[in-house]
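There are 2 protein chains.
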Amino acid sequence: MAKAPVLTPQADDFPRWYQDLINKAELADNGPVRGTMVIRPYGYGLWERMQQDLDARIKDAGAQNAYFPLFIPQSYLTREAEHVEGFAPELAVVTHGGGKELEEPIVVRPTSETIVNEYFSKWVQSYRDLPLLINQWANVVRWELRPRVFLRTTEFLWQEGHTAHATREEARDYAAHIHRNVYADFMVNVLGIDVVLGRKTARERFAGAINTLTLEGMMRDGKALQLGTSHELGTNFAKAFHTEYLSKDGKQELVWQTSWGATTRLIGGLIMSHGDDNGLRVPPRLAAVQVVVVAIKGDEAVTKVREIGAKLRAAGIRAQVDDRIDTPFGRRAVDWELKGVPVRIEVGPRDLAEGTAVLVRRVVDPHSPGGKESVRIDELTELLPTVLEEAQTQLLRESRERRASRTSEVATVGEAVEAATAGGWARIPWADLGPDGEAELAGHSVSVRCLVAEDGSVPDSDDAPGTVALVARAY
Amino acid sequence: MAKAPVLTPQADDFPRWYQDLINKAELADNGPVRGTMVIRPYGYGLWERMQQDLDARIKDAGAQNAYFPLFIPQSYLTREAEHVEGFAPELAVVTHGGGKELEEPIVVRPTSETIVNEYFSKWVQSYRDLPLLINQWANVVRWELRPRVFLRTTEFLWQEGHTAHATREEARDYAAHIHRNVYADFMVNVLGIDVVLGRKTARERFAGAINTLTLEGMMRDGKALQLGTSHELGTNFAKAFHTEYLSKDGKQELVWQTSWGATTRLIGGLIMSHGDDNGLRVPPRLAAVQVVVVAIKGDEAVTKVREIGAKLRAAGIRAQVDDRIDTPFGRRAVDWELKGVPVRIEVGPRDLAEGTAVLVRRVVDPHSPGGKESVRIDELTELLPTVLEEAQTQLLRESRERRASRTSEVATVGEAVEAATAGGWARIPWADLGPDGEAELAGHSVSVRCLVAEDGSVPDSDDAPGTVALVARAY
Numbered sequence: 002m003a004k005a006p007v008l009t010p011q012a013d014d015f016p017r018w019y020q021d022l023i024n025k026a027e028l029a030d031n032g033p034v035r036g037t038m039v040i041r042p043y044g045y046g047l048w049e050r051m052q053q054d055l056d057a058r059i060k061d062a063g064a065q066n067a068y069f070p071l072f073i074p075q076s077y078l079t080r081e082a083e084h085v086e087g088f089a090p091e092l093a094v095v096t097h098g099g100g101k102e103l104e105e106p107i108v109v110r111p112t113s114e115t116i117v118n119e120y121f122s123k124w125v126q127s128y129r130d131l132p133l134l135i136n137q138w139a140n141v142v143r144w145e146l147r148p149r150v151f152l153r154t155t156e157f158l159w160q161e162g163h164t165a166h167a168t169r170e171e172a173r174d175y176a177a178h179i180h181r182n183v184y185a186d187f188m189v190n191v192l193g194i195d196v197v198l199g200r201k202t203a204r205e206r207f208a209g210a211i212n213t214l215t216l217e218g219m220m221r222d223g224k225a226l227q228l229g230t231s232h233e234l235g236t237n238f239a240k241a242f243h244t245e246y247l248s249k250d251g252k253q254e255l256v257w258q259t260s261w262g263a264t265t266r267l268i269g270g271l272i273m274s275h276g277d278d279n280g281l282r283v284p285p286r287l288a289a290v291q292v293v294v295v296a297i298k299g300d301e302a303v304t305k306v307r308e309i310g311a312k313l314r315a316a317g318i319r320a321q322v323d324d325r326i327d328t329p330f331g332r333r334a335v336d337w338e339l340k341g342v343p344v345r346i347e348v349g350p351r352d353l354a355e356g357t358a359v360l361v362r363r364v365v366d367p368h369s370p371g372g373k374e375s376v377r378i379d380e381l382t383e384l385l386p387t388v389l390e391e392a393q394t395q396l397l398r399e400s401r402e403r404r405a406s407r408t409s410e411v412a413t414v415g416e417a418v419e420a421a422t423a424g425g426w427a428r429i430p431w432a433d434l435g436p437d438g439e440a441e442l443a444g445h446s447v448s449v450r451c452l453v454a455e456d457g458s459v460p461d462s463d464d465a466p467g468t469v470a471l472v473a474r475a476y
Numbered sequence: 002m003a004k005a006p007v008l009t010p011q012a013d014d015f016p017r018w019y020q021d022l023i024n025k026a027e028l029a030d031n032g033p034v035r036g037t038m039v040i041r042p043y044g045y046g047l048w049e050r051m052q053q054d055l056d057a058r059i060k061d062a063g064a065q066n067a068y069f070p071l072f073i074p075q076s077y078l079t080r081e082a083e084h085v086e087g088f089a090p091e092l093a094v095v096t097h098g099g100g101k102e103l104e105e106p107i108v109v110r111p112t113s114e115t116i117v118n119e120y121f122s123k124w125v126q127s128y129r130d131l132p133l134l135i136n137q138w139a140n141v142v143r144w145e146l147r148p149r150v151f152l153r154t155t156e157f158l159w160q161e162g163h164t165a166h167a168t169r170e171e172a173r174d175y176a177a178h179i180h181r182n183v184y185a186d187f188m189v190n191v192l193g194i195d196v197v198l199g200r201k202t203a204r205e206r207f208a209g210a211i212n213t214l215t216l217e218g219m220m221r222d223g224k225a226l227q228l229g230t231s232h233e234l235g236t237n238f239a240k241a242f243h244t245e246y247l248s249k250d251g252k253q254e255l256v257w258q259t260s261w262g263a264t265t266r267l268i269g270g271l272i273m274s275h276g277d278d279n280g281l282r283v284p285p286r287l288a289a290v291q292v293v294v295v296a297i298k299g300d301e302a303v304t305k306v307r308e309i310g311a312k313l314r315a316a317g318i319r320a321q322v323d324d325r326i327d328t329p330f331g332r333r334a335v336d337w338e339l340k341g342v343p344v345r346i347e348v349g350p351r352d353l354a355e356g357t358a359v360l361v362r363r364v365v366d367p368h369s370p371g372g373k374e375s376v377r378i379d380e381l382t383e384l385l386p387t388v389l390e391e392a393q394t395q396l397l398r399e400s401r402e403r404r405a406s407r408t409s410e411v412a413t414v415g416e417a418v419e420a421a422t423a424g425g426w427a428r429i430p431w432a433d434l435g436p437d438g439e440a441e442l443a444g445h446s447v448s449v450r451c452l453v454a455e456d457g458s459v460p461d462s463d464d465a466p467g468t469v470a471l472v473a474r475a476y
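Protein sequence lines correspond, in order, to chains V and U. Once you know that position 290 of the first sequence is 291 in the working numbering, the rest is easy, because the numbers rise by one and skip nothing. Once you know that position 41 of the second sequence is 42 in the working numbering, the rest is easy, because the numbers rise by one and skip nothing.
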């Protein structure tokens, strides 16, 4: 008799598989207010590891953390015309505080450009105060009509960077630096997701930006997920908030700004990039638990796994011990698969006598399969770093191969829609598509995810010769 | 001519000194919505260090981080009668979302017991699921009528722990463990604040708790500041949210709970415990910058300070280099004093020739003064750990001596009011004071900060024989 599947298979119903995995791996629950979420410890642990890594990269990029208020006077939002137009439909509004109706309604921050500029305009006086490089880790609220856990939630967690520079070139270079060296490097080398770096079309740009750089990943169903953005804001907010500096020549000049963010959506991206029908697969460089050492049964096995766990941890491997022998082994094994711990070491009475254990890989290379093997316990410390690196490499390779095999070159809007609807990405010359073709795609729930240069680099403008539009369905 | 003071002297006007320091050391600004604050990078850096240290201790206590939503349905609050009575006057209410009036108003969390219990009641089924130990780092909102930066703000940052246990004893022991081993140990040994551990009277208890443990510090003006609390919630929230478990005997039982929090108020406590007329003094174990190496003038000095900075960092000392020789040295020295960096190493052309530098201590022991001394550069790595430990010890000693010298034993309400009004603390037998005396104190803006046993331990109940009330004015 075949085992009943733990999750709805991806091939049967991908959205249901996603929801099943989130429930069964105990990543998150839906919150009581529509579109909010409760991030459970195992899900939050993924976010903590992402935060640690990104925070170090952001600090390396010279930015310092600060904290701006959650509450923004409604009038701030209206100062930048495009910004308010973009965000007004998504606002949560506080009208009562301390038992009284407020004189001016307050919005719960959907993003912080306006309130940040109110303070930048005080802190920046002279060219000596530039560049000003600030980041904050915070929650933001955007009212969601079609919420989905981690992907589109009314409240989400993120970091938002805000910087001010003396020149447009400096701001452009900084936005590009964050795009490539903070975000892309993290997503590719830690998360193992083969992101495409591109620029958004005018239609998809951040409300108030002059340029939006994006990172797009292909999920296992062929849809695209925007995993982070880095914006050049030009002088739009500086004009609205009078953020000016005295230049070396003694002139008052507007600052040039950037903002950039990555959110708890990254957890959704991780799930949909690497998860399979047995559960999540966490890349070892991200995993809080890289190796779980499981006692199958017997007190001797319990003693042994604790000993192995301590030895692995001493060797710098993030190992956890599972000594709950009162719970059936099979149920625990299924649970570790669901949670996506990269390597499982199983120790039972029979192995002990021989000084061996069974090593089970969560990420198997189909070209050289070796899902389960008997290994000598005293060789684990030496063996595991290689096994973990192989898993890391394999996840990125799968992500690369998926994108390569499911991206097609097309020539017409019709072909692009067809490719996207079939669960793939399409590349079409932007000169052939243009804003009119883009509007037509929208009628089919398909969008231009980004523009890229023919050589894969990020074009400097929309009309750079040879610019290609990457077209897909998206989350 | 005497130098104009950088800050209003403490003796002249303590509240103004506090505000001056926060402005000039660039710790925080007032936010645009009344009672909110912008935490600037140097102030946020203090919070990040506090978070790191507390987070590690919380994890050692077995709790895992998670994240619950900011938005709570108003109806949740009303389920626990005392809780809603305590918090209703302080709520911020969202009435509109996504451009529409909401069917049920939403409150912005003032604390999370209610929403946490809604989920605990789902997650906890059997005794095997207990204890459930959860913590979250988050922002909360309580409408403040008399706001003051860091001390009482409409929005503040904190951690809030929430746990569920099988028995009252377990919950009581866990609340006490957090009180002593997480909070007190951190405040005494890292922050250098000599806190008193006690229990709150019924009047001062958290709304919904059966017992509140508190940590009270004496500020340099003799007032008290509550620096953290750990509550036993009994089964109050469990009843309201049906948080029950199946016991080993197969019975449905209510869980026993705790909650505990520490906030950005700790930054205010740090300032008012250790700050002096020249600015902040940061304890070395907390300081993100323990040593600043300052080039006075000249390119050679710049080269030298960079070299020294690298060497100190390699030796595990958190050192920063100040090579801004275009800015007058005097101004930079004043700024480092304001920011409270424990040790300054000054390097000028004259010192270089002799291989020496001037070591300036921010924290001077009045019994063996040595504020400035010439030291050999090649001996710094060896010398500094001792100098830093001396500063750490000295700050705690000052805090201890202050409390000892400014606490008096009194016998009547009148004497207690007199002592508190004069800027000190008073100890009075709780049996003599009682709830009536406590109410009388309130008329003089004086309160019972906590109850302690005669031997300084925390009494098990309000009417334990020999219980002493600690009386003071408080922030």
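Just so you know, the hints here were simulated from the structure itself, not pulled from any lab data. Keep in mind that this is a model prediction, so the values were computed, not measured. Just so you know, not all the hints are guaranteed correct.
When chains are identical, the list treats them as one kind, so a pair holds in a single copy or across two.
[Said to hold, decoys possible] In silico DSS-like cross-links for lysine-lysine, where the CA-CA straight-line distance does not exceed 25 angstroms:
{"id": "1", "residue 1": "123", "residue 2": "312"}
{"id": "2", "residue 1": "312", "residue 2": "60"}
{"id": "3", "residue 1": "252", "residue 2": "123"}
{"id": "4", "residue 1": "25", "residue 2": "312"}
{"id": "5", "residue 1": "25", "residue 2": "373"}
{"id": "6", "residue 1": "25", "residue 2": "123"}
{"id": "7", "residue 1": "25", "residue 2": "60"}
{"id": "8", "residue 1": "224", "residue 2": "123"}
{"id": "9", "residue 1": "298", "residue 2": "249"}
{"id": "10", "residue 1": "312", "residue 2": "298"}
{"id": "11", "residue 1": "101", "residue 2": "373"}
{"id": "12", "residue 1": "373", "residue 2": "123"}
Hints, one by one, checked against the model:
1. Neither within a single protomer nor between protomers do residue 123 and residue 312 lie at most 25 angstroms apart by alpha-carbon distance, with minima of 54 angstroms and 37 angstroms respectively.
2. Taking the closest pair of Cα atoms, residue 312 and residue 60 come within 25 angstroms of each other only across two copies (21 angstroms); inside a single copy the shortest separation is 33 angstroms, beyond that limit.
3. In this assembly of identical chains, residue 252 and residue 123 lie within 25 angstroms of each other by CA distance solely inside one copy; the values are 17 angstroms within and 63 angstroms between copies.
4. Taking CA atoms no more than 25 angstroms apart as the test, residue 25 paired with residue 312 passes in neither setting, with 31 angstroms inside one copy and 50 angstroms between copies.
5. Within a single copy, residue 25 and residue 373 get their C-alpha atoms as close as 24 angstroms, which meets the 25 angstroms cut-off; across copies the closest is 62 angstroms, which misses it.
6. For the identical chains of this complex, residue 25 and residue 123 are inter-copy neighbours only, at 14 angstroms across copies versus 49 angstroms inside a copy, given an alpha-carbon limit of 25 angstroms.
7. With identical chains, the CA atoms of residue 25 and residue 60 are at most 25 angstroms apart between copies only, with a shortest distance of 24 angstroms across copies and 36 angstroms within one.
8. Taking the closest pair of Cα atoms, residue 224 and residue 123 never come within 25 angstroms of each other, the shortest separation being 44 angstroms inside a single copy and 33 angstroms across copies.
9. Taking CA atoms no more than 25 angstroms apart as the test, residue 298 paired with residue 249 passes between copies only; the shortest distance there is 23 angstroms, against 74 angstroms inside one copy.
10. For the homomeric pair residue 312 and residue 298, the shortest alpha-carbon distance inside one copy (20 angstroms) is at most 25 angstroms, but the shortest distance between copies (52 angstroms) is not.
11. Taking the shortest alpha-carbon separations for residue 101 and residue 373, neither the intra-copy value of 65 angstroms nor the inter-copy value of 56 angstroms comes in at or below 25 angstroms.
12. Neither within a single protomer nor between protomers do residue 373 and residue 123 lie at most 25 angstroms apart by alpha-carbon distance, with minima of 62 angstroms and 36 angstroms respectively.
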